[in-house]
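From first to last, the protein sequence lines are chains Y and H.
Mind the numbering: the first sequence is residues 281 to 675 in our numbering, read in order.
Mind the numbering: the second sequence is residues 18 to 494 in our numbering, read in order.
Just so you know, these hints were derived from the structure itself, not from any lab.
Fair warning: this is a prediction, and the values are worked out from it, not measured in the lab.
Cβ atoms here follow ideal geometry from the backbone N, Cα and C, with glycine treated the same way.
It cannot be assumed that every hint is accurate.
Derived lysine-lysine pairs resembling BS3-like cross-links, with alpha carbons at most 30 Å apart [claimed, not checked]:
no.: 1; chain 1: H; residue 1: LYS186; chain 2: H; residue 2: LYS334
no.: 2; chain 1: Y; residue 1: LYS461; chain 2: H; residue 2: LYS340
no.: 3; chain 1: H; residue 1: LYS334; chain 2: H; residue 2: LYS123
no.: 4; chain 1: Y; residue 1: LYS461; chain 2: H; residue 2: LYS186
no.: 5; chain 1: H; residue 1: LYS340; chain 2: H; residue 2: LYS350
no.: 6; chain 1: H; residue 1: LYS284; chain 2: H; residue 2: LYS340
no.: 7; chain 1: H; residue 1: LYS353; chain 2: H; residue 2: LYS340
no.: 8; chain 1: Y; residue 1: LYS423; chain 2: H; residue 2: LYS340
no.: 9; chain 1: H; residue 1: LYS123; chain 2: H; residue 2: LYS284
Sample of chain H residues at the chain Y side, in silico, Cβ under 10 Å [unchecked claim]:
no.: 10; residue: VAL207
no.: 11; residue: ARG330
no.: 12; residue: GLY375
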Amino acid sequence: MTTITPRDEQEACAAVAEAAAGRVPLALAGGGTKAAIGRPAQTERTLSAAALSGVTLYEPAELVIGARAGTPLAEVEQTLASRGQQLTFEPIDYRPLLGSAGEPTIGGVAAANLSGPRRIQAGAARDSLIGVRFVNGRGETVKNGGRVMKNVTGLDLVKLLGGSWGTLGFLTEVVFKVLPKPERATTLVLRGLDEAAAAAAMSAALGSPYEVTGAAYLPAGLGGGASQTMIRLEGFAYSVDYRGGELRRLFRRNDLDIVEGEANTALWRGVRDVAPFAAGISDEAVWRISTVPTKGHHFTELVARDVSCRWFYDWGGGLVWLACAAEGDAGAAIIRAALAQTGGHATLVRAPAEVRAAVDVFQPLTEPLRRLTAGIKGSLDPVGIFSRGRMYAGI
Amino acid sequence: MSIAFPAPDPAILARRDEILAGLARLVHPEALIASEDERRAFETDGLTAYRRLPLAVVLPSSTAEVSAVMRYLSGQGVKIVPRGAGTSLAGGAIPQEDAVVVGVSKMARVLELDFENRTARVEAGITNLAISGAVGHESFFYAPDPSSQLACTIAGNIGMNSGGAHCLKYGVTTNNILGVTMVLLDGTVVELGGQHLDSAGLDLLGLVIGSEGQLGIVTEATVRILRAAEGARPALLGFPSPEDAGACVAAIIGEGLVPVALEYMDKLAIEITEGFAQAGYPLDVEAMLIIEVEGSDAEIDEQLRRVVTIAERHRVKTIRVSKSEAESAAIWKGRKAAFGATGRISDYICMDGTIPTGQLPLVLQRIGEIVQREGLRVANVFHAGDGNLHPLILFDINKPGEMEKAERAGEDILRLCVEVGGCLTGEHGVGIEKRDLMRCQFDESDLAQQMRIRNVFDPAWLLNPAKVFPLDGRVLA
Numbered sequence: 281m282t283t284i285t286p287r288d289e290q291e292a293c294a295a296v297a298e299a300a301a302g303r304v305p306l307a308l309a310g311g312g313t314k315a316a317i318g319r320p321a322q323t324e325r326t327l328s329a330a331a332l333s334g335v336t337l338y339e340p341a342e343l344v345i346g347a348r349a350g351t352p353l354a355e356v357e358q359t360l361a362s363r364g365q366q367l368t369f370e371p372i373d374y375r376p377l378l379g380s381a382g383e384p385t386i387g388g389v390a391a392a393n394l395s396g397p398r399r400i401q402a403g404a405a406r407d408s409l410i411g412v413r414f415v416n417g418r419g420e421t422v423k424n425g426g427r428v429m430k431n432v433t434g435l436d437l438v439k440l441l442g443g444s445w446g447t448l449g450f451l452t453e454v455v456f457k458v459l460p461k462p463e464r465a466t467t468l469v470l471r472g473l474d475e476a477a478a479a480a481a482m483s484a485a486l487g488s489p490y491e492v493t494g495a496a497y498l499p500a501g502l503g504g505g506a507s508q509t510m511i512r513l514e515g516f517a518y519s520v521d522y523r524g525g526e527l528r529r530l531f532r533r534n535d536l537d538i539v540e541g542e543a544n545t546a547l548w549r550g551v552r553d554v555a556p557f558a559a560g561i562s563d564e565a566v567w568r569i570s571t572v573p574t575k576g577h578h579f580t581e582l583v584a585r586d587v588s589c590r591w592f593y594d595w596g597g598g599l600v601w602l603a604c605a606a607e608g609d610a611g612a613a614i615i616r617a618a619l620a621q622t623g624g625h626a627t628l629v630r631a632p633a634e635v636r637a638a639v640d641v642f643q644p645l646t647e648p649l650r651r652l653t654a655g656i657k658g659s660l661d662p663v664g665i666f667s668r669g670r671m672y673a674g675i
Numbered sequence: 018m019s020i021a022f023p024a025p026d027p028a029i030l031a032r033r034d035e036i037l038a039g040l041a042r043l044v045h046p047e048a049l050i051a052s053e054d055e056r057r058a059f060e061t062d063g064l065t066a067y068r069r070l071p072l073a074v075v076l077p078s079s080t081a082e083v084s085a086v087m088r089y090l091s092g093q094g095v096k097i098v099p100r101g102a103g104t105s106l107a108g109g110a111i112p113q114e115d116a117v118v119v120g121v122s123k124m125a126r127v128l129e130l131d132f133e134n135r136t137a138r139v140e141a142g143i144t145n146l147a148i149s150g151a152v153g154h155e156s157f158f159y160a161p162d163p164s165s166q167l168a169c170t171i172a173g174n175i176g177m178n179s180g181g182a183h184c185l186k187y188g189v190t191t192n193n194i195l196g197v198t199m200v201l202l203d204g205t206v207v208e209l210g211g212q213h214l215d216s217a218g219l220d221l222l223g224l225v226i227g228s229e230g231q232l233g234i235v236t237e238a239t240v241r242i243l244r245a246a247e248g249a250r251p252a253l254l255g256f257p258s259p260e261d262a263g264a265c266v267a268a269i270i271g272e273g274l275v276p277v278a279l280e281y282m283d284k285l286a287i288e289i290t291e292g293f294a295q296a297g298y299p300l301d302v303e304a305m306l307i308i309e310v311e312g313s314d315a316e317i318d319e320q321l322r323r324v325v326t327i328a329e330r331h332r333v334k335t336i337r338v339s340k341s342e343a344e345s346a347a348i349w350k351g352r353k354a355a356f357g358a359t360g361r362i363s364d365y366i367c368m369d370g371t372i373p374t375g376q377l378p379l380v381l382q383r384i385g386e387i388v389q390r391e392g393l394r395v396a397n398v399f400h401a402g403d404g405n406l407h408p409l410i411l412f413d414i415n416k417p418g419e420m421e422k423a424e425r426a427g428e429d430i431l432r433l434c435v436e437v438g439g440c441l442t443g444e445h446g447v448g449i450e451k452r453d454l455m456r457c458q459f460d461e462s463d464l465a466q467q468m469r470i471r472n473v474f475d476p477a478w479l480l481n482p483a484k485v486f487p488l489d490g491r492v493l494a
């Protein structure tokens with residue numbers, strides 16, 4: 281496996297054009313920390329954005345940051361923190377879960393549409409992504425979107441490239457909308473609720489006027505003794521104080537603790553990065569399921585009838601992290617049958633390569649959507665060289 | 018009349034009776050509009066200077082009917098112009114003589130409200146405001162609020178990825194839609210997204226939103242509904258110069274405040290609205306901001322106190338902080354009347370570019386120069402938080418050549434928006450209005466890529482084909 285590391289966009293175009301001419305499949309990568317997500321690659325070469333690095337635009341007063349795709353995420357976050365700002369979607373760091381090394385890049389965040397707990401209130405990475413430059417499979421540079429947050433000029437390829445896992449284009453530069461970092465954060469932890477009661481509590485909190493920025497549930501045994509229902513508030517100190525008081529009143533009948541400061545940061549980092557199932561702690565297969573928030577616990581109930589598994593919830597119950605034995609189809613058939621009842625989709629984010637080769641890692645497509653997906657792939661990458669088969673066999 | 022339409026296909030025009038008969042077999046009689054009188058109501062949209070009488074109009078009442086109509090028309094090679102309420106200011110719904118308008122305005126039901134999951138499932142012909150109306154009793158609302166929200170449909174909002182005055186905090190349409198039911202050109206019905214967050218696979222939902230009716234017809238949508246804040250109140254601030262107002266906006270955002278609305282009006286806009294609405298706006302300032310914040314009473318007081326403190330560092334001349342609903346209404350009265358008040362004193366065209374907000378003073382100065390060069394006047398109303406600019410170029414339609422002058426000035430203003438790092442359209446869409454300016458913002462390879470993706474959905478260019486992409490240089494399937 282050889283790695284090509286273009287130093288600028290022109291070199292990237294040339295590398296892609298050459299690969300297209302020779303029909304040489306390319307794995308597209310940033311820091312390579314998520315290379316183990318998806319169907320096992322059928323590629324000989326890796327095209328890496330690692331050398332396309334550096335913040336290209338930062339206007340704090342305009343709430344916008346742009347960077348070359350290979351810029352380490354940490355560098356972008358530090359740049360923002362120096363002016364009291366942040367990426368509002370709280371991107372997950374997949375390294376602990378996957379046991380991978382390297383530096384996650386800002387382009388990888390865009391390509392994988394990585395969001396964390398705050399997604400429930402502030403939107404996904406794709407909602408903050410406002411501009412991209414990329415090289416298509418013809419070796420041409422394409423730009424879409426820009427640096428302003430209100431922009432409806434032409435088709436929105438920014439959204440399309442976001443979460444395309446390197447199958448549609450080689451990102452060279454991305455622009456994100458950013459927001460101020462909150463002055464204070466606090467979490468109410470309700471102890472001992474069962475799953476249905478927790479779902480109802482999280483719905484009540486998210487349906488309150490207090491702009492809850494995180495709602496997660498760790499069942500008994502995963503995060504300590506009793507189950508924990510976690511409800512996070514962030515903002516100006518005066519506001520968090522007031523809203524925290526209102527929520528405590530709402531949940532006055534519950535056994536609850538308040539978590540703040542470093543402990544609070546660590547708590548939500550654990551939820552974000554799926555700490556209960558981290559590599560080294562668990563060697564199970566791990567599924568990421570997006571479903572209707574109040575149906576999350578119905579989904580796990582259906583699955584647990586037939587598969588021995590453990591799970592916890594983020595996004596008010598709408599994001600289920602589920603771990604089960606990495607054998608056979610790793611529960612794929614049962615998980616997807618359950619989703620047919622509750623709605624949503626499942627991605628097998630961690631499993632040995634032979635399992636990922638045998639099951640649909642991404643949610644299988646209906647025939648019309650498969651046709652559209654294949655058509656779009658062909659329109660961007662006519663020869664089919666970009667991360668071919670990573671999301672769907674043959675696409 | 019500077020915007021070209023493609024010449025109608027005589028073969029289609031000649032088959033009009035046959036096509037009408039074919040449609041009549043598919044839909045209820047009242048859903049098919051054939052007479053010239055009735056078709057007139059559909060010959061234009063919010064861009065009323067341009068009109069084309071469509072071949073026919075169909076107003077289906079179900080996804081199944083839309084599907085049958087699409088399958089039939091595409092099979093016959095007949096062009097289709099999708100339509101919501103017809104309020105597009107960019108001409109996105111203007112028909113052409115050889116096309117059938119397929120409108121969703123009869124599909125306007127609320128299908129399901131789910132407050133626990135904070136979603137509403139609606140038929141796409143429902144008006145934007147009706148969604149908020151349907152959930153208001155639980156203190157919920159649908160966030161994007163284009164100024165046409167009383168009339169415009171969610172279908173049209175999805176087509177144009179509409180915004181509104183509260184985007185800085187709540188985002189635009191694409192950030193507030195979880196799923197759609199869409200009918201493809203051949204009649205196939207697909208579900209994109211659903212009631213869960215983040216649709217599976219490629220973000221086709223994100224691609225469809227803002228695609229201006231070129232990829233299919235959306236018949237149902239699942240939208241996010243939000244619990245309303247406990248309250249909201251604005252402050253009105255008057256400044257001696259646009260530079261001071263612009264610097265004040267930058268400082269407010271720089272200090273971590275994210276107001277829910279941040280509206281800018283220039284001197285002429287203030288004068289025009291004051292003459293009509295008598296909202297008590299200051300006439301001795303060059304620029305005015307309306308800044309609204311949300312929360313409990315105490316939270317609002319604290320945020321407005323911080324806003325005023327910042328404004329005092331930027332030479333603010335007038336400060337009016339609302340203490341009550343009545344005072345809030347008085348402050349908003351003028352801003353909300355701005356377009357209507359302008360329409361009373363003059364014809365105008367409303368432009369819709371976006372600029373990086375740091376460029377505001379420069380852009381306002383250059384807009385003034387562009388419009389002066391044409392011998393016209395301009396009133397600027399502006400979403401200052403997100404850089405979305407709405408210059409109203411005043412002209413007299415009865416004076417020969419003035420409309421052309423206004424259009425020329427408008428085009429130059431949009432070019433200026435792109436030149437300083439912004440874009441041609443912030444929330445209205447490209448339609449026909451900005452179609453021929455697309456090359457200002459995009460290179461050929463950018464446009465070609467978009468058109469190749471369009472070809473996946475509509476290889477024969479039957480869906481709203483005269484819009485968005487310049488008529489020359491099209492990349493066909």
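**Prompt:** Taken at face value, is the distance from the CA of H:LYS123 to the CA of H:LYS334 at most 30 Å?
**Reply:** Violated - the C-alpha atoms of H:LYS123 and H:LYS334 are around 50 Å apart, more than 30 Å.
**Message:** Between the alpha carbons of H:LYS353 and H:LYS340, is the straight-line distance 30 Å or under?
**Reply:** Since the Cα atoms of H:LYS353 and H:LYS340 sit roughly 19 Å apart, the hinted pair holds (cutoff 30 Å).
**Request:** Decide if the proposed pair is consistent with the structure: H:LYS284 and H:LYS340, CA atoms, cutoff 30 Å inclusive.
**Result:** 25 Å, holds
**Message:** For a C-alpha distance cap of 30 Å, please report whether H:LYS340 and H:LYS350 respect it.
**Reply:** This hinted pair holds, its Cα atoms lying about 16 Å apart.
**Request:** Take a quick look at whether Y:LYS461 and H:LYS340 sit within 30 Å of each other, Cα to Cα.
**Result:** 29 Å, holds
**Message:** Does H:LYS334 sit within 30 Å of H:LYS186, going by the straight-line distance between their CA atoms?
**Reply:** Holds. H:LYS186 to H:LYS334 sits at ~27 Å (cutoff 30 Å).
**Item:** Restraint check for Y:LYS461 with H:LYS186, where alpha carbons must lie at most 30 Å apart
**Value:** This hinted pair holds, its Cα atoms lying about 14 Å apart.
**Asked** Is the shortest C-beta separation between H:GLY375 and chain Y less than 10 Å?
**Response** Hint holds; H:GLY375 Cβ to chain Y Cβ min 6 Å, cut 10 Å.
**Message:** Hint validation: H:VAL207 versus chain Y, beta carbon distance must be below 10 Å. Holds or violated?
**Reply:** 5 Å, holds
**Prompt:** Is the interface hint for H:ARG330 satisfied, with its Cβ closer than 10 Å to some Cβ of chain Y?
**Reply:** Violated - the Cβ of H:ARG330 stays beyond 10 Å from chain Y, reaching only about 14 Å at its closest.
**Prompt:** If you draw a straight line from the CA of H:LYS123 to the CA of H:LYS284, is it 30 Å or shorter?
**Reply:** With Cα atoms ~42 Å apart, H:LYS123 and H:LYS284 exceed 30 Å; violated.
**Prompt:** Holds or violated: Y:LYS423 with H:LYS340, Cα cutoff 30 Å?
**Reply:** Violated, at about 47 Å.
Hints 3, 8, 9, 11, counting from the list given before, are not met by this structure.
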